[in-house]
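Chains as they are written, first to last, in the numbering used here: chain B, 3 to 302; chain D, 3 to 302.
It cannot be assumed that every hint is accurate.
Repeated chains share a single entry, so a pair holds when one copy, or any two copies, can fit it.
Stated by the list, open to error - Think about it this way: if two alpha-carbon atoms lie no more than 27 Å apart in a straight line, the pair counts; the simulated BS3-like pairs of lysine-lysine are: (1) Lys278 to Lys120; (2) Lys29 to Lys5; (3) Lys285 to Lys49; (4) Lys285 to Lys150; (5) Lys5 to Lys278; (6) Lys168 to Lys29; (7) Lys5 to Lys293; (8) Lys278 to Lys252; (9) Lys150 to Lys278; (10) Lys29 to Lys150; (11) Lys111 to Lys285; (12) Lys49 to Lys120; (13) Lys120 to Lys285; (14) Lys120 to Lys168; (15) Lys278 to Lys29; (16) Lys150 to Lys111; (17) Lys285 to Lys29; (18) Lys293 to Lys150.
No wet-lab data here; the hints were simulated from the structure.
2 protein chains.
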Amino acid sequence: MNKAPEFRKILIYGVGLIGGSFALALKSAGAAGEIVGFGRRPASLLKALELGLIDRAGINPAHELEDTDLVLVAAPVGQMPGIFAQIAPYLGPHTVVTDGGSTKTDVVKAARAAFGGKIGQFVPAHPIAGAENSGVAASRSDLYQGRKVVVTTLPENSDERLDRVKRAWALCGAEICELTPEQHDRVFAAVSHLPHLLAFALVRDLAERPDAPLFFDFAASGFRDFTRIAASHPEMWRDICLANRAALLKEIETYQNQLREFRTALEQNDGAALEKRFAVARKARREWGEKQEFRERTGE
Amino acid sequence: MNKAPEFRKILIYGVGLIGGSFALALKSAGAAGEIVGFGRRPASLLKALELGLIDRAGINPAHELEDTDLVLVAAPVGQMPGIFAQIAPYLGPHTVVTDGGSTKTDVVKAARAAFGGKIGQFVPAHPIAGAENSGVAASRSDLYQGRKVVVTTLPENSDERLDRVKRAWALCGAEICELTPEQHDRVFAAVSHLPHLLAFALVRDLAERPDAPLFFDFAASGFRDFTRIAASHPEMWRDICLANRAALLKEIETYQNQLREFRTALEQNDGAALEKRFAVARKARREWGEKQEFRERTGE
């Protein structure tokens, strides 16, 4: 009594950490029939085949989409418009498309341009998972376990399609949240994109000094954690910054003002102002940390 | 055949994480005779007694210093001038004093003012260890194991005194490095003090927004690591910032310029410039990380 898997055929565009882990998770859940991978780099597709993440490397989307249940577009956001344009003409009536992009307003815009009247078949999503170790070899079946996936539903999405995409992410172990694309981009500009930029800036600042080794020699655990995200993928982060440019520029400006306030307090030797600001940050950070630990412990 | 411990009597001023771990490490090494703790907070001293970190809480420095081999001043740097002034009149001829301060130029200045002609008895040091979990209860005998301790030798330090202080830190498992106080402060402004300030600024920026919970809800592992140091002790960091004000202000300015460059690249939609900068940072961060891992694995 073999039950057909929930998604009989899945296409993954961009088989890296996000796409590979999605494939693994759905296979582990017994929810995936055939998984076909598309990508720019033949070496990554070969690796994905070797690791058993995909069953086949796709060649021509024109021959693959008609009978596909689910497409995940997990390439850097800068490549998404091109991928959407490639697949749009061939979507089957039952095909639903989702993505793993870290920005949403621009992805939705590109999807509208490419899919036109079929835009209802695209359900935008952003899995809040990842690591500075990108690449297909880093894929893990539990990457999404207990992580949030933000779905930014479009008015054109039918309940049935929306449910199917949510169901796929839920099968990966993720918790589904909803935001509008604008809310999403504002929030992630602040809690993810800006910190990445700040960490990149600090490390570059040190790396380009003539006596850089002296500085790196004495950098310790605080530096290690603060700059971990500065080891992230340059192309991916270039795309994210450009894609979320407006929201990120606003965040940079706000942060520059914040930093100027700290600088002024220091210039004025105003210890009370510094301590008060540090205390506000410490309290918020501790409360956040305790909440996170509680979530991780209880799975809530 | 009981050998007398290398340090028959040790005084610790400020029994928190740094002082408590120093006490534990020297006791574990069998190098400590009696350890006497001094501090502002009776509760911390009681806790230190309970945990067996100190043998006794001291009351009057006039009665304690004459026969003391080693004093560690491990209070926030803002309190050090007062502590130096308290102990200076009573130093025994054999007493050597070291400290655990995160800044050195100002500590040396305060020590010169307090110790006067006895300045040769003070050997400044900075153990590169610590955590956002401050306080005596977080003390660990292995806190300094494999960590660097920067000694900023003074011209007045005799070889014998210098060796005794280095020996104490080496018994804690630390690797001894030498810098001038000015080098020290410049390096740590860049790799420690600035990152702390940047992390405090980011968390405060979010914490004071009316819709702060929305942002914190979606903050994930990148944010967690980047902001870990924003949970650090406000008073301690106020003191460090003020004590290392000149070097830190220079670093803030350099960083502001760096950030402005990133912002300009983003404003101009200059993806190539962004990617290039990110790549410089990633390469430097990866190389640093690999070197650290190698050090940790091999103990070199």
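Alpha-carbon proximity between Lys150 and Lys111, which holds within one copy, between copies, both or neither at 27 Å: within (23 Å within a copy, 52 Å between copies)
request  = Indicate which option fits the pair Lys293, Lys150 if close means a Cα-Cα distance not exceeding 27 Å: within, between, both or neither.
outcome  = within (15 Å within a copy, 33 Å between copies)
- request: Up to 27 Å between alpha-carbons, please classify Lys5 paired with Lys278: within, between, both or neither.
  value: neither (61 Å within a copy, 50 Å between copies)
- request: State whether the alpha carbon distance between Lys278 and Lys252 is at most 27 Å within one copy, between copies, both, or neither.
  value: both (25 Å within a copy, 22 Å between copies)
> Using 27 Å as the alpha-carbon threshold, which applies to Lys285 and Lys150: within, between, both, or neither?
Replying inline: within (24 Å within a copy, 30 Å between copies)
Could you figure out if Lys120 and Lys285 sit no more than 27 Å apart (CA to CA) within one copy, between two copies, both or neither?
neither (48 Å within a copy, 42 Å between copies)
Handout entry: Intra- versus inter-copy proximity for Lys150 and Lys29 (alpha-carbon distance at most 27 Å)
Key = within (20 Å within a copy, 47 Å between copies)
**Report entry** 27 Å Cα threshold - placement of Lys5 relative to Lys29
**Finding:** within (14 Å within a copy, 66 Å between copies)
When no copy is named, should Lys111 and Lys285 be tagged within, between, both, or neither for a Cα gap of at most 27 Å?
neither (39 Å within a copy, 33 Å between copies)
When no copy is named, should Lys168 and Lys29 be tagged within, between, both, or neither for a Cα gap of at most 27 Å?
Classified as within; 16 Å inside a copy, 58 Å across copies.
**Study point:** Alpha-carbon proximity context of Lys285 and Lys29, limit 27 Å
**Key:** Intra 42 Å, inter 35 Å, cutoff 27 Å: neither.
Within, between, both or neither: Lys278, Lys120 at alpha-carbon 27 Å
For Lys278 and Lys120, the Cα distance exceeds 27 Å both inside one copy (54 Å) and across copies (37 Å).
Violation of the numbered hints given earlier is confined to hints 1, 5, 7, 9, 11, 12, 13, 15, 17; the remaining hints are satisfied by the structure.
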